[in-house]
Amino acid sequence: MNLQPKENRLVSPYFAFYLIHTMQVGVGVLGFQRYIAKSAGHDAWMAVITGGILIHLLVWMSYRMLKNSDGDLVAVHEDIAGKAIGGLFSTLFTIYSGFLALTVLRTYIEVIQVWMFPHINTWGISLILLCVVYYFVSGGFRIVTALAFFSLLLGTPLIFLKYFAVKDSHIYNILPLFDHSVTDFFVATKTMTLNYLGFEMLLLYYPFIKHPEKSEKWSQWGVFFSILLYTITAVESFAYYSQGQLKHTIWATLTLWKIVEFPFVERFEYIGISIWLFVVLPNICIAVWCVTRGFKRIYSLKQKHTLIPVLILIFAGTVLFKDRQQIDLLNSMVSRAGYYFIYFYIPLLFVLHWMVMKVRRRKKDA
Amino acid sequence: MFGKRRQKKQERSQNQSSGQAKTQLTFEQLMEKCKASKDFVSFTKSDKHPFTISYYKSMVNPDLVHKDLIPYLTSFSSLSLTELSQEIPVENIEHTSDVQTIMDSLLTGSVLVQSRPEKSNCLLIPAATAEKRQISVPETEFSVVGPKEAFVESLEVNINMVRKRLPIPELHVKEVTVGKLSKTRVVFLYIEGIVNMENVNTLKQRISDIEYDHILDSTYILQMISDNQYSPFPQLINTERPDRVAAVLSEGKVAVLVDGSPSALTGPTTLIEFFSAFEDYFLSWHIASVFRLIRLFGVFFSVLSTPLYVAVLTFHYEMIPTDLLGTLIASRSGIPFPPIVEAVILELSIELLREAGARLPSKVGQTIGIVGGIVIGTAAVQAGLTSNVLLIIVALAALASFTTPVYQMSNTIRLIRFPFLVFAQFWGLLGVAICSSFVLGHMLRLTSLGRPYLAPLFPLRVTDLKDALFRLPFNRQNLRPMQMRPADPARFNYKRGIEKNDIEE
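Protein sequences appear in the order of chains A and B.
So the first sequence is numbered by the working numbering: it starts at 1 and just counts up by one.
So the second sequence is numbered by the working numbering: it starts at 1001 and just counts up by one.
A few of these clues could be false.
What the hints assert, rightly or not - In silico DSBU-like links for lysine-lysine, alpha-carbon gap of 30 Å or less:
no.	chain 1	residue 1	chain 2	residue 2
1	A	6	A	214
2	B	1466	A	210
3	A	217	B	1466
4	A	302	A	6
5	B	1132	B	1067
6	A	214	B	1466
7	B	1204	A	6
Simulated from the structure, these hints should not be mistaken for laboratory data.
Isolated chain A (complex conformation) (with noise of 0.2 Å):
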């Protein structure tokens, strides 16, 4: 059974560009840069890159995958292992996705704590935004996607304020190239890995894509966007900041709008977290849509009466991580998930996928 949806319910191919897109940056690229200098020193910005590229051949096996299956990740899973084992792996994933909307709100809310609010209860804060993430995935995909648009929008121009801490770095900081082992690299590459994450959950809404198999190149530049993102940020915070700095900088991106001045505006982080809001909305929004709807698709349940008992649990979730080492914790957990899921899983289930309808051709042929 294949749940294909209506064609008014659609979004056009180039869209494709702003959900990659937007569901890679999240809160991530707010502190990445000392997680993946731990390792690589000043060379990670290499690492950004090499990640990235990584990230592009996940993305063309992907859709080599959906193409031949016609429909999303659940009928993958039904193709190669049949509808029960099959369900069990899709709940996984869908799992996987809301452990996912839960680390990008919990750890929002804790940058708005230490950096907004200080004394803000958890709980308070974290209902209000899931009314908001209630509002527009209730709205359905086409309202998600258009907050992805529109995060993309505003978002973006936060780039620019990199300008004032241009002024103050040293170039000379990120040479010499190439100092540190291809291990190093190798980690470092690894590590980055939970800050592109998030393409994968294109394996659910790849239905919804009007043409998909047009999409396939505005994700690959979404993909790319992303890389580029990261880099320019990496580059500039590895500029700006020394090693030893780094190393005791947990929110690097944060800090450089620290020092952004305006005549009129001092103190520029309090409008860089506001404004990051909508940048992390289109993170939970799309990871919570594509709970709903892997349920609709393995065991048929209405995406109107999961959404809110999937909306309490996140909520439960935001209030049971409470400090900094938990929060810690949860991300390194799902990013370890993540890590697996798309550097073996993904690779295994292409290699299947493959032979399996190689095989059913070969047999319709006879």
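Given the structure of chain A, go ahead and fit chain B onto it with the hints provided.
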């Protein structure tokens, strides 16, 4: 549960309507009913005459009855009704015995003529008076240059004003009657061959589905046929300019005129269209574009300025640069209230002034404006109740909200700043962002006659941007907006339009 309730409702309303049909009046009962009103006249000239004349005195043109009707009736007293209808110099005379038709025509200003020999038949001679106001200058959508005609309360005059601007047979005028008591004539206009019939059908469907007893203005219709009736945002444009209606009709939109209403509705529309004044097309495109951008800036300023003031002064005072801080401290040092109270007091007093100014006759209204603006403002600052910085911000925000050319929209903008204020008080700048995301989500979900409200921004339609945030010159406006999915998208031949000669030709 709701389905059942709705079903019951439908059944009930069906019963009602069939109940009405059952109580079909006889002719005598109708006459009796009409005679109960004092303005109903029924008489026979003299006993020799076979004809009885009846009409509502208040609805017919007395000149026509006295000069063109009664003389003929007296001189052709021997004729039958059919022959008589050929003699009387009035067109569209109806010869009928149907009581329903008789009742409707009598009430819309026809004269009923009976003849003694033919009991059951009668003639209905249209003689309605059209009391109407002079066509005047548009008041809510005034323009410095360009036509100075505005719609009036008469449907015929309004249609005439549109049709004389578009003298083509393709301009179709379709009529529907709505309102159980008011029996309002609602007319919708479109240009066949340009309009997408889907829009026409949606509109027609919604208007004929209206269930209400009285429809007294087009704004009633505007609210009743909106896609989302719970939204504060108007989803159709309400305009009093016939030239604007003619222009949007040629874009492939549909217009609705309501008898007795001096404004037309046009749709489908987009959010951006609410910020385009029709005067934009009379000015050169550079000026028009800049004005449009200023208006859009005005909207953002009007909605966000006070909430930002409250957010920054309540939570994020670190953001204020040192040089500016002195000014702010000086203006706020004696104020006993937190910023939110101060802001709410000022916002409310501005709203009071506006409301008082709108309710009072214009001469008094002006005085109120001056008294309120200058005297109360100065006094409030000197008394130390509000800071003068905030006074400036609030006054500018009020001013900015009036730059919106469509009245309904400017009211909406004034309304939605209050939730923003509340959010700013609770969560500072983040609250403003949260509230913005709610508004964004709401506008994304809105549709106008089923077409997306935020177009051409989302879904992004690059070709429609030529007349959205800014207006490009006329030779670039070769395509009608894609938003309406017009049947004929090309306005003119673009190639011929931009044909240019070489330097020396």
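Problem set entry | Ascending list of hint numbers which this structure does not respect | Of the numbered hints, all hold.
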